[in-house]
Amino acid sequence: MDYRLLSILALLFWGVWGFMSKILMRSMNPAAFVLWSTITSLVPMAWYVIAFRGLHWDRQGGAALLAGLFGGAATLCFYLALGRGPASVVVPLSGMYIVIPAVLGFVFLREAVTASHVIGVACACAAVFFLSR
8 MDYRLLSILA LLFWGVWGFM SKILMRSMNP AAFVLWSTIT SLVPMAWYVI AFRGLHWDRQ
68 GGAALLAGLF GGAATLCFYL ALGRGPASVV VPLSGMYIVI PAVLGFVFLR EAVTASHVIG
128 VACACAAVFF LSR
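In my numbering, the protein residues as written are 8 to 140.
Because the hints were derived from the structure by calculation, they are not lab data. The beta carbon of each residue, even a glycine, is placed where N, CA and C say it ideally should be. Warning: the hint list may mix true and false statements.
Claimed, not checked - Cβ pair distances, simulated, as ranges:
hint, residue 1, residue 2, range
1, Leu87, Arg140, 16 to 24 Å
2, Ala109, Trp54, 24 to 32 Å
3, Ala38, Leu73, 21 to 29 Å
4, Thr121, Met35, 19 to 27 Å
5, Ala80, Pro51, 16 to 24 Å
6, Ile126, Gly61, 37 to 45 Å
Construct all of the structure, not just a fragment, from the sequences and the given hints.
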């Protein structure tokens, strides 16, 4: 499947996930929500690994575990914020995480920096600024 289609599917899934999360956070304990939603998020990932890739440990397994810890901490912080604040601010603000790998990619991986990249990051920052007011 083409990466652009996969990206659009991720956008749609995350969009529905963000909306459902806000609705559920109105009446559910954030800690319980994080636990149940994280456990069930493993289902499609486990299916994919087992069906297409096979499960094995390789040299970067430890780094993958560390990345998972960062992701888990981010997920917990996201749901706690969503339970306390408006989705119209929490989701876009936390969604600005995209700037961090973009900048790190430019700096450490020597990925190309174009005018459209800079404009895109600036527009994303402006959008979060205006949505959070």
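How the hints compare with the structure:
Hint check: Leu87 to Arg140, Cβ distance near 22 Å, so the stated range 16 to 24 Å holds. In this structure the hint that Ala109 and Trp54 lie 24 to 32 Å apart at CB holds, the actual value being about 30 Å. Taking the beta carbon of each, Ala38 and Leu73 are about 23 Å apart, inside 21 to 29 Å as hinted. For Thr121 paired with Met35, a C-beta distance near 43 Å fails the hint of 19 to 27 Å.
Distance hint for Ala80 and Pro51: a CB-CB separation of about 21 Å, consistent with the stated range 16 to 24 Å. A hinted range of 37 to 45 Å holds for the C-beta pair Ile126 and Gly61, which are about 42 Å apart.
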